[in-house]
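Chains as they are written, first to last, in my numbering: chain A, 23 to 159; chain B, 2 to 137.
If you're looking for bench data, these hints aren't it; they were derived computationally from the structure.
All of these numbers come straight from a predicted model, not from anything done at the bench.
Please note that the accuracy of each hint is not assured.
[Unchecked claim] Just the calculated beta-carbon pair ranges, DEER-fashion:
no.: 1; chain 1: B; residue 1: Arg-84; chain 2: A; residue 2: Ile-93; range: 26 to 34 Å
no.: 2; chain 1: A; residue 1: Tyr-98; chain 2: B; residue 2: Phe-74; range: 35 to 43 Å
no.: 3; chain 1: B; residue 1: Thr-71; chain 2: A; residue 2: Met-24; range: 37 to 45 Å
no.: 4; chain 1: A; residue 1: Ser-143; chain 2: B; residue 2: Ile-134; range: 20 to 28 Å
no.: 5; chain 1: B; residue 1: Thr-77; chain 2: A; residue 2: Gly-157; range: 41 to 49 Å
no.: 6; chain 1: B; residue 1: Met-44; chain 2: A; residue 2: Phe-84; range: 44 to 52 Å
no.: 7; chain 1: B; residue 1: Lys-129; chain 2: A; residue 2: Tyr-98; range: 14 to 22 Å
no.: 8; chain 1: B; residue 1: Asp-80; chain 2: A; residue 2: Phe-84; range: 39 to 47 Å
no.: 9; chain 1: A; residue 1: Ile-69; chain 2: B; residue 2: Thr-77; range: 47 to 55 Å
no.: 10; chain 1: B; residue 1: Gly-37; chain 2: A; residue 2: Ser-66; range: 27 to 35 Å
no.: 11; chain 1: B; residue 1: Asp-80; chain 2: A; residue 2: Met-154; range: 32 to 40 Å
no.: 12; chain 1: B; residue 1: Thr-77; chain 2: A; residue 2: Ser-66; range: 21 to 29 Å
[To be verified] Calculated lysine-lysine pairs in the DSSO-like style (CA-CA distance at most 30 Å, straight line):
no.: 13; chain 1: B; residue 1: Lys-79; chain 2: A; residue 2: Lys-86
no.: 14; chain 1: A; residue 1: Lys-153; chain 2: B; residue 2: Lys-136
no.: 15; chain 1: A; residue 1: Lys-86; chain 2: B; residue 2: Lys-63
no.: 16; chain 1: B; residue 1: Lys-63; chain 2: B; residue 2: Lys-129
no.: 17; chain 1: A; residue 1: Lys-60; chain 2: B; residue 2: Lys-136
no.: 18; chain 1: A; residue 1: Lys-153; chain 2: B; residue 2: Lys-63
no.: 19; chain 1: B; residue 1: Lys-63; chain 2: A; residue 2: Lys-60
no.: 20; chain 1: B; residue 1: Lys-136; chain 2: B; residue 2: Lys-63
no.: 21; chain 1: A; residue 1: Lys-86; chain 2: A; residue 2: Lys-153
no.: 22; chain 1: B; residue 1: Lys-129; chain 2: B; residue 2: Lys-79
no.: 23; chain 1: B; residue 1: Lys-72; chain 2: A; residue 2: Lys-86
no.: 24; chain 1: B; residue 1: Lys-136; chain 2: A; residue 2: Lys-86
no.: 25; chain 1: B; residue 1: Lys-79; chain 2: B; residue 2: Lys-136
no.: 26; chain 1: B; residue 1: Lys-79; chain 2: B; residue 2: Lys-63
no.: 27; chain 1: B; residue 1: Lys-129; chain 2: A; residue 2: Lys-60
All C-beta atoms, glycine included, are put in the ideal place defined by N, C-alpha and C.
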Amino acid sequence: MMSAVLGGVLIGASVSIMLLFNGRVTGISGIVGGLLQKATPDKSWRIFFLLGLLVGGVILRFLKPQAFMVITSTTYVDYVMAGLLVGVGTLLGNGCTSGHGVCGISRFSMRSIIATITFISSGVVSVLIFKMIRGEL
Amino acid sequence: MRALVAFVVGLIFAIGLGVSGMTQTHVVKGFLDIFGNWNYNLMGVMGGAIMVHAIAFRLMMKRSSPVLDTKFFVPTRKDIDGRLLLGAILFGLGWGWAGICPGPGIVSLVSGQMEFVLFVGSMLVGMKLFQLIDKK
């Protein structure tokens, strides 16, 4: 639990730096979605943010190599299907775990609180269905 | 300067995700498996992040503008509509299915594992498809 809290504090600090200096909400899906549209002005901070994520990932490989372990019961098809759902869902619902779950809840935004309760609930249902299909239930 | 800040934010954010366990699919799935072998540790991530940012947000909103821009770009919408709910439902289904959300997916690309490449690739396709359909 302590490492989770420490990671959370780092996340909270980083999104606070983004707000203080750039005035932006650190919502990953929104940042990526904005890059996919021609009309988005000022794309460079979005690109550099993503670069930061990747460089952070490289540092993590040294710091904590076990951070990128995947479960063997999940197939390639599962990842493709999940990715599609996450892509459509986050843009339709205007946010994911970072934008709604961290930034929005910190502002006490009712939209974000409702969205977070909803996606955690459907995440619970999703895990249940996944286990049921694989006969692990 | 704004790009540099964004880079540093991304870097710290990624390390935070890795340290907390958000990049490990079995940890995320364990957190969502409340009716099975529930691993509640990830509550600490949201708790820690919200604790820090809720305080920082209130302090920062006393400023008239951010340090490097002319105004704050903070969402102000208050309506709860079907798009928000349906979007959150679809996102949650995908999140629970693979145990990955957008941030950890992108960070995990550096592991070179096909699983993350497929996840992020199809996430981008899903986003683009949504944008194309939503425009009409």
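Here is what the structure says about each hint:
1. B:Arg-84 / A:Ile-93: 26 to 34 Å: 31 Å, holds
2. A:Tyr-98 / B:Phe-74: 35 to 43 Å: Distance hint for Tyr-98 of chain A, Phe-74 of chain B holds at roughly 37 Å.
3. B:Thr-71 / A:Met-24: 37 to 45 Å: 40 Å, holds
4. A:Ser-143 / B:Ile-134: 20 to 28 Å: 26 Å, holds
5. B:Thr-77 / A:Gly-157: 41 to 49 Å: Holds, since Thr-77 of chain B and Gly-157 of chain A (Cβ atoms, about 47 Å apart) stay within the stated range.
6. B:Met-44 / A:Phe-84: 44 to 52 Å: 28 Å, violated
7. B:Lys-129 / A:Tyr-98: 14 to 22 Å: Holds - the Cβ-Cβ distance for Lys-129 of chain B and Tyr-98 of chain A, about 20 Å, lies within 14 to 22 Å.
8. B:Asp-80 / A:Phe-84: 39 to 47 Å: 45 Å, holds
9. A:Ile-69 / B:Thr-77: 47 to 55 Å: Violated: the Cβ-Cβ distance is about 26 Å, outside 47 to 55 Å.
10. B:Gly-37 / A:Ser-66: 27 to 35 Å: 44 Å, violated
11. B:Asp-80 / A:Met-154: 32 to 40 Å: 35 Å, holds
12. B:Thr-77 / A:Ser-66: 21 to 29 Å: Once the Cβ atoms are compared, 25 Å apart, the range 21 to 29 Å for Ser-66 of chain A and Thr-77 of chain B holds.
13. B:Lys-79 / A:Lys-86: 40 Å, violated
14. A:Lys-153 / B:Lys-136: Violated: Lys-153 of chain A and Lys-136 of chain B sit about 37 Å apart, past 30 Å.
15. A:Lys-86 / B:Lys-63: 38 Å, violated
16. B:Lys-63 / B:Lys-129: Since the Cα atoms of Lys-63 of chain B and Lys-129 of chain B sit roughly 37 Å apart, the hinted pair is violated (cutoff 30 Å).
17. A:Lys-60 / B:Lys-136: Measuring from Cα to Cα gives roughly 13 Å; hence the hint holds.
18. A:Lys-153 / B:Lys-63: Outside the cut-off at roughly 48 Å; violated.
19. B:Lys-63 / A:Lys-60: It is violated: about 34 Å lies between the C-alpha atoms, which goes past 30 Å.
20. B:Lys-136 / B:Lys-63: Violated, at roughly 37 Å.
21. A:Lys-86 / A:Lys-153: 28 Å, holds
22. B:Lys-129 / B:Lys-79: It holds: about 26 Å lies between the C-alpha atoms, which stays within 30 Å.
23. B:Lys-72 / A:Lys-86: Between Lys-72 of chain B and Lys-86 of chain A the Cα gap is close to 38 Å, so the pair fails against 30 Å, i.e. violated.
24. B:Lys-136 / A:Lys-86: This hinted pair is violated, its Cα atoms lying about 42 Å apart.
25. B:Lys-79 / B:Lys-136: 23 Å, holds
26. B:Lys-79 / B:Lys-63: Measuring from Cα to Cα gives roughly 21 Å; hence the hint holds.
27. B:Lys-129 / A:Lys-60: 11 Å, holds
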